[in-house]
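K.L.:
For reference, the chains in residue letters:
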Amino acid sequence: MSEPKIAVDLILKKLTESTEQAKTRAQKASEVLLGPLETDLSTTPFEVVYEEDRMRVKYYKPEKVEHKYPLLIVYALINRETMLDLQPGRSVIQTFLDNGIEVYMIDWGYPTRKDQFLTIDDHVNMYMDNVVDFILDKHDLPHLNLMGICMGGAFSVMYSALHPEKIKNLVTTVTPTNFDTDTGLLHIWMRKTHAYDMGSAYGNMPGDLMNLGFLLLNPARLIIDKYVGFFEHIDNKDFVENFVRMEKWIFDSPDVPGATFRQFITDCYQKNLLIQNKLELDGKRVDLKKITMPLLNIYGKFDHLVPPEACEHLTKKVGSKDKEDICLDTGHIGIYVSSKCQRLFAPKIVAWLREREGTPKKPTRSRKKKTPSTRTAAEKTASAAAPVQKSRAKKGETTPTRSTGKSTKKQ
Amino acid sequence: MDDNHQTTPEEMFSFWMKSAMDFWQNMATVQPEAFTPFGFPGFADAGEKTKKGPTRQARKSFEAGGKIFQSLMKTFSKPENLDALMKGMDSVPDLTMVMMKQALEGYHELQKQFMERAVKMGQQGKAYNFEDIDQDTFRAIRELYEKEFQKFLKVPSLGLTRFYQERFNDFLDKHNLFQTSLSEFLYMFYVPIEKTAAVMQEKIEEMAEAGEIHDDFNQYYKMWLKILEGHYMTLLKSPEYTQVMDKTISSLVQYRDAKEAFVCDLLQRLPIPTNREMDELYKEIYHLKKKVRALSKQADGRPSPKKG
Numbered sequence: 001m002s003e004p005k006i007a008v009d010l011i012l013k014k015l016t017e018s019t020e021q022a023k024t025r026a027q028k029a030s031e032v033l034l035g036p037l038e039t040d041l042s043t044t045p046f047e048v049v050y051e052e053d054r055m056r057v058k059y060y061k062p063e064k065v066e067h068k069y070p071l072l073i074v075y076a077l078i079n080r081e082t083m084l085d086l087q088p089g090r091s092v093i094q095t096f097l098d099n100g101i102e103v104y105m106i107d108w109g110y111p112t113r114k115d116q117f118l119t120i121d122d123h124v125n126m127y128m129d130n131v132v133d134f135i136l137d138k139h140d141l142p143h144l145n146l147m148g149i150c151m152g153g154a155f156s157v158m159y160s161a162l163h164p165e166k167i168k169n170l171v172t173t174v175t176p177t178n179f180d181t182d183t184g185l186l187h188i189w190m191r192k193t194h195a196y197d198m199g200s201a202y203g204n205m206p207g208d209l210m211n212l213g214f215l216l217l218n219p220a221r222l223i224i225d226k227y228v229g230f231f232e233h234i235d236n237k238d239f240v241e242n243f244v245r246m247e248k249w250i251f252d253s254p255d256v257p258g259a260t261f262r263q264f265i266t267d268c269y270q271k272n273l274l275i276q277n278k279l280e281l282d283g284k285r286v287d288l289k290k291i292t293m294p295l296l297n298i299y300g301k302f303d304h305l306v307p308p309e310a311c312e313h314l315t316k317k318v319g320s321k322d323k324e325d326i327c328l329d330t331g332h333i334g335i336y337v338s339s340k341c342q343r344l345f346a347p348k349i350v351a352w353l354r355e356r357e358g359t360p361k362k363p364t365r366s367r368k369k370k371t372p373s374t375r376t377a378a379e380k381t382a383s384a385a386a387p388v389q390k391s392r393a394k395k396g397e398t399t400p401t402r403s404t405g406k407s408t409k410k411q
Numbered sequence: 001m002d003d004n005h006q007t008t009p010e011e012m013f014s015f016w017m018k019s020a021m022d023f024w025q026n027m028a029t030v031q032p033e034a035f036t037p038f039g040f041p042g043f044a045d046a047g048e049k050t051k052k053g054p055t056r057q058a059r060k061s062f063e064a065g066g067k068i069f070q071s072l073m074k075t076f077s078k079p080e081n082l083d084a085l086m087k088g089m090d091s092v093p094d095l096t097m098v099m100m101k102q103a104l105e106g107y108h109e110l111q112k113q114f115m116e117r118a119v120k121m122g123q124q125g126k127a128y129n130f131e132d133i134d135q136d137t138f139r140a141i142r143e144l145y146e147k148e149f150q151k152f153l154k155v156p157s158l159g160l161t162r163f164y165q166e167r168f169n170d171f172l173d174k175h176n177l178f179q180t181s182l183s184e185f186l187y188m189f190y191v192p193i194e195k196t197a198a199v200m201q202e203k204i205e206e207m208a209e210a211g212e213i214h215d216d217f218n219q220y221y222k223m224w225l226k227i228l229e230g231h232y233m234t235l236l237k238s239p240e241y242t243q244v245m246d247k248t249i250s251s252l253v254q255y256r257d258a259k260e261a262f263v264c265d266l267l268q269r270l271p272i273p274t275n276r277e278m279d280e281l282y283k284e285i286y287h288l289k290k291k292v293r294a295l296s297k298q299a300d301g302r303p304s305p306k307k308g
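Heads up: the protein sequence lines correspond to chains A and B, in order.
Residue numbers for the first sequence follow this note's numbering, so the first one is 1 and each next one is one higher.
Residue numbers for the second sequence follow this note's numbering, so the first one is 1 and each next one is one higher.
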């Protein structure tokens, strides 16, 4: 009798083993899910020092200030800035603090229907300018360091071109400035569809709708495989905590003010005005040649949302003599949260800033240790969800502020 | 009277007209007390004596009205007019029938075409190729809707409420168009799953033939996921997908606008401000704030938020 081609006995044995494993995992999972979980985001203490309409500024003070010029971080309107302080050991903010940098970070908040008329000009020349003036007044300085992220990076480029005298050094990270590329589905869809009309139809562009769009960039990984992975590690407390933390961040998406959304798509994605020095904000032309301060431009090689082609033209167009491009082997989110980039990204910025302050010293990384499972969860999600991850820490975000009573509110 | 005699509608109508005429003739000759205010005979006296006042005027009006009604009835009762009237009334159910027939025919046609296309949908399975997506199915459904059903929602509305009716019809129309676009969009997302299943089937058959079946099911999942991801990437990059997505977005925007207009009509009846009203207010506030900020900057030289 010939031997069967298919090893049925082996398959059955494996099936029995899998069933046993699933049973054990389910038992452990119930203990994990029903027990206490540490899933808070943005746990580094901060103080709210400035408020204007929906926007507020978080101030992170280092134990010892080692830099003369504070750093203002401008995040995108599409996500929340909590990504820079996702968890202990994976916090760009913490690395900056460990290296003595005073950090101010804009939290754009949650736009409501009344914010639908706010334009890019309002964000750049009103909110950003008011924040910069506030910080300069507070420190009695003529300029500060500015760091922009994604859409916030584009805002920072516009701001630096219009107010170069207030910026000492400019750092742009995953910042789109050239939109004339077919690399990346987002660029194709924004150029070839009437997506900008949704801003008008809804008043503001709903964050949930944008999230759906981002999920559709890679449905197999982001809608199916990600959750299969979660169930495979559901009995691992660290994994679950990190996964939930990432989920909180991803799906916490503020709406984008309708007018800004429309303007960004038509002027940037469709007409590509910024890189051509043709963009106008409230009648003032944004001339990139006026960016003469040192510029550090960092982007991800595998970024599907803002591909290298969208970022790398900036340094050729600005008027700065001191400029540098850094392309990291990572994606749009991995640049901030992957363990590899924790060693490369924030420390590089610290060293670059320090060199331009004339106080060279080896930068240190965030002091908190991370566990191997922590790395797995955040990195897995970050790389799988290479498309923009967004989040809103309405409920989950715990923000242990030093003092919120001291905040300054401007109406 | 002949028991076998069938009463025609004309005869019945003629009989009813005559009865109605007689009734109102009698009413017109009723004693004036019947028309006194509050129905009390005594109240009529003053009016009767003076032959003036509201009672007399009411009576005159009633008599005039009765006479007009009588003359109308007489005119309608003439055999030639009665015949024309009956024909006119016949046309009402005829019109309804024609409309019903058209709608039903359209529905049957829609169902027929949908079934034919639905069968065709399942016949596709060519891997990594999305040029053969049967978009004609959805185009046919849309065209059929536009040809057979949409016209009923586009019938001109009349009268005082015409604009409300028009907005409601527009809301229904845009909803239907959005649903059609959404179905096509969702179908596109289903196609890669279908294609992946076909590819997996082939692969497993080949592996079984070669005796290379894995005992680890995770391997099959990984294989399936890789194929599915490949199919999705091919789909998402295709111009067909971009086109369908654009159509879905446009129809969603139109549906939202139509719904907003309809909801505004409803809310106007309630003490709730509509989005339209609030948006106007928000816009005014936005411009006012801008103006105040500019003036404040001019006055201070620089914005001066209070320091913490």
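Derived from the structure by calculation, the hints contain no laboratory data.
Certain hints may be false.
Claimed, not checked - Under the rule of at most 25 Å between Cα atoms (straight-line distance), these lysine to aspartate or glutamate pairs were calculated in the DMTMM-like manner:
| # | chain 1 | residue 1 | chain 2 | residue 2 |
| --- | --- | --- | --- | --- |
| 1 | B | LYS203 | A | ASP225 |
| 2 | B | LYS226 | A | GLU51 |
| 3 | A | LYS284 | B | GLU284 |
| 4 | B | LYS290 | A | GLU51 |
Please read these numbers as outputs of a predicted model, since none were measured by experiment.
K.L.:
Each hint needs a verdict: does it hold in this structure or not?
P.N.:
Now for the hints, and whether the structure bears them out:
1. B:LYS203 with A:ASP225: Satisfied, since the Cα-Cα distance of roughly 21 Å is no more than 25 Å.
2. B:LYS226 with A:GLU51: It is violated: about 48 Å lies between the C-alpha atoms, which goes past 25 Å.
3. A:LYS284 with B:GLU284: Answer holds: LYS284 of chain A to GLU284 of chain B is near 24 Å, not above 25 Å.
4. B:LYS290 with A:GLU51: holds, 17 Å
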